[in-house]
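Colleague: Construct the entire structure; sequences and hints are all you get.
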Amino acid sequence: MEFIQVLPLISIFASLYLFAYVQGQRQKTTLHRSFLLYVLALFLLHGTELFVSLYEEHPITGIVAIFSTSVLMTMGFLFLNFMFAIVNKARTPFFYVCGVISGLAAIRFLLLRPSDFPPEADIFHSLIDIEHFLPAFLLAPVFCGLYGLVVCIRSLKQEQSRETRQGLLHIIYGLGSGLAIVVCFLVLFPLVFGMRDVSHFATLSTAVMIAFVYRAISKYNFLRVNIEQIQLVFSRLFENVTEAVVILSHDGNAIQMNGSAVHMLRCQPEEFSSAYLEKIIDDYQFEQNYTHRRAGITYPDGNESVVLLSQSLVKESDISLGKILIMRDITDLVMIEEELTKTQQFESLGLLAGGIAHDFNNFLTGILASFSFLKDDELTRQEVQEISTDGEKAARKASHLVNQLLTFARGGSPVKEPISARELIEETISFSLRGTKVGFECDIPDNLHYFDADKNQISQVFQNLTVNASQAMPGGGTIHVAAHNRHIADEDDDSSKTEDWIEVAFEDEGGGIAPEDLPRIFDPYFTTKSSGKGLGLTMAYSIVKKHGGSMTVDSAPGEGTRFTLLLPATRELPVLRPDKQVVAHKGQGFVMVMDDEDSIRNVMDRILTNFGYQVDVTSSGEEALELFKHRLANDTRYRVIITDLTIPGGMGGKELAPQILHLQPDAKIIVSSGYSQDAVLSDYKSYGFSGVISKPYTLDKVRQVFNDLTDETA
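Under our numbering, the letters of the sequence shown match residues 44 to 757, in that order.
Treat the hints loosely; a few may be bogus.
[Stated by the list, open to error] Subject to a maximum C-alpha distance of 30 angstroms in a straight line, what follows is the list of computed DSS-like cross-link-like pairs (lysine-lysine):
#, residue 1, residue 2
1, Lys-744, Lys-728
2, Lys-459, Lys-440
3, Lys-440, Lys-132
4, Lys-588, Lys-744
What the hints contain is simulated information worked out from the structure, not anything from laboratory work. Since this is a predicted model, take the numbers as computed values, not measurements.
Modeller: Put into structure tokens, the structure is as follows:
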């Protein structure tokens with residue numbers, strides 16, 4: 044066998060292998076059928092060419108040559124048909140024109156006589172010498188191949204999938220190389236340069252094309268064999284599972300949907316797209332992968348449901364074939380969870396109400412009993428002072444309970460300032476453990492950031508955690524406290540932005556918390572201690588949340604308990620303020636008190652009169668504004684105005700202050716409240732107030748506020 048005969052032999056084996064490789068997938072799509080037809084034609088072409096070259100003098104060689112030539116005339120059109128199947132486009136009129144030309148060329152050469160092929164020449168050489176040859180017919184396969192190349196290039200520009208683009212590029216490289224070889228060895232060399240024997244090497248074109256096509260199929264799954272295998276294997280499973288299952292292509296269209304998906308998504312496969320999913324599913328993105336993500340669905344008709352969503356890539360040999368989306372309707376389950384949550388909330392609310400009633404009854408008993416004794420005319424001055432002191436203590440306890448409740452209720456925003464975290468932690472723990480058998484160890488670096496926090500509230504958190512840890516070790520032990528700086532990236536930001544935090548951990552050596560009690564430790568009035576009130580951890584958790592931080596707990600029976608706090612840090616340094624002693628206050632001029640509670644107006648009237656002021660009292664903002672205008676018109680301006688923040692059904696201090704400041708910009712207004720959902724009390728200056736005083740009042744509080752105003756005025 045000569046070297047020139049090895050070329051068609053290589054192409055024969057290559058086309059056979061490629062045919063078997065794709066046929067073995069047992070697919071029945073238009074794409075597969077068109078590809079197999081093209082490869083089969085390649086096999087026939089090179090098989091007949093090899094026969095002619097081996098048996099030049101055989102009686103049927105001429106007939107085989109005629110058949111081979113006819114097959115050659117159809118090769119370009121078969122390849123063009125394969126290109127249209129790849130890009131999945133409708134056949135154009137020009138496609139059918141190419142088909143007619145190829146068919147006419149094949150018929151024309153079928154009409155040749157065996158004697159038209161000289162036995163000493165190859166097929167291509169003979170075709171050039173045929174007397175009745177029409178050159179346009181010989182150019183038919185080249186012409187069809189060029190058009191297929193144009194179709195493939197156009198599709199490449201529109202294709203979004205990386206794998207598909209890579210496969211198309213390999214097809215284009217193969218087709219371009221094959222056409223170049225055909226033109227060189229069949230046209231340029233024989234006709235232009237007179238090199239007639241080189242036409243044998245045109246066979247290389249198909250070998251090159253087969254090599255590129257094989258790489259496109261094997262490496263980039265160009266025929267989508269595996270995706271369609273998945274469709275075949277799981278088709279029955281899809282229709283029997285209750286979950287909605289959708290197989291998505293790279294461009295977000297549905298390759299296959301089961302009946303549950305059609306019912307859940309309320310759309311047919313031809314209407315489905317990733318854009319439709321992004322429209323009806325909350326925060327859904329086709330590019331993302333999800334694992335058991337709970338998401339809400341809002342249908343075009345306004346109905347809603349909740350689903351558990353999973354989405355992942357489908358891969359084969361590290362090649363992405365598309366995505367699979369699985370959804371389970373959990374709307375009924377969510378409703379059951381909400382009902383259970385409401386039940387638990389009502390239980391906690393009942394426990395809270397019972398605890399508050401119990402504690403307040405104790406405090407009110409002390410207050411009422413003290414006041415009833417004070418009505419006795421036979422009491423000595425010393426007895427009056429003792430009874431008044433007892434009543435004041437009971438009232439302070441009631442006030443402390445109210446402050447605890449307000450801390451984790453809505454409202455009561457913390458008054459934040461930079462605080463030395465190291466100093467506050469050590470001071471609070473040391474103070475809280477006095478008189479106990481429990482010691483503590485601190486691991487706190489010198490460069491620990493400052494807190495941006497309300498000192499009183501955060502100190503209460505540390506105190507509650509310390510006391511809780513101490514009570515967990517009645518026989519003594521050590522509380523291990525560690526703090527360090529943390530830099531946490533903002534996950535909602537695409538940049539590498541980080542935030543500064545301080546992590547503080549309290550760990551005891553006690554018996555731990557039972558697993559059944561762990562989910563409830565932050566519930567109000569829930570406690571496992573006979574002497575506990577059940578508000579410490581609840582208040583601590585609420586304070587940390589209001590500071591923008593988090594609080595977690597890790598515990599197991601016999602292994603102790605660890606509370607971890609994450610609090611926002613600040614780079615600002617605290618402003619040092621000298622300690623002020625509450626001194627007596629004396630003043631003169633007019634002062635107005637606006638409050639809807641009679642007892643508060645009466646006591647403030649007595650206190651301010653004792654200070655030396657002339658006092659006007661009112662119960663509404665409207666009346667207060669009229670009094671202010673009257674004093675302003677008579678040039679007897681108020682030195683200070685004390686106003687309640689909110690008045691039910693009327694104008695409160697928040698609405699009154701701007702109107703007063705509009706008439707008198709330098710007016711001194713003090714805001715007062717026992718409870719608020721606004722941030723006014725924590726940032727009162729931004730609302731035009733000169734000071735703040737929280738209820739319940741004491742004489743020292745009122746005196747301090749007026750002293751501060753006097754100092755600022757001076």
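Colleague: Please go over all the hints and tell whether each is borne out by the structure.
Modeller: Verification of the supplied hints:
{"no.": "1", "hint": "Lys-744 with Lys-728", "in the structure": "holds, 19 angstroms"}
{"no.": "2", "hint": "Lys-459 with Lys-440", "in the structure": "holds, 25 angstroms"}
{"no.": "3", "hint": "Lys-440 with Lys-132", "in the structure": "violated, 83 angstroms"}
{"no.": "4", "hint": "Lys-588 with Lys-744", "in the structure": "holds, 28 angstroms"}
The structure is inconsistent with hint 3 alone, although it conforms to all the rest.
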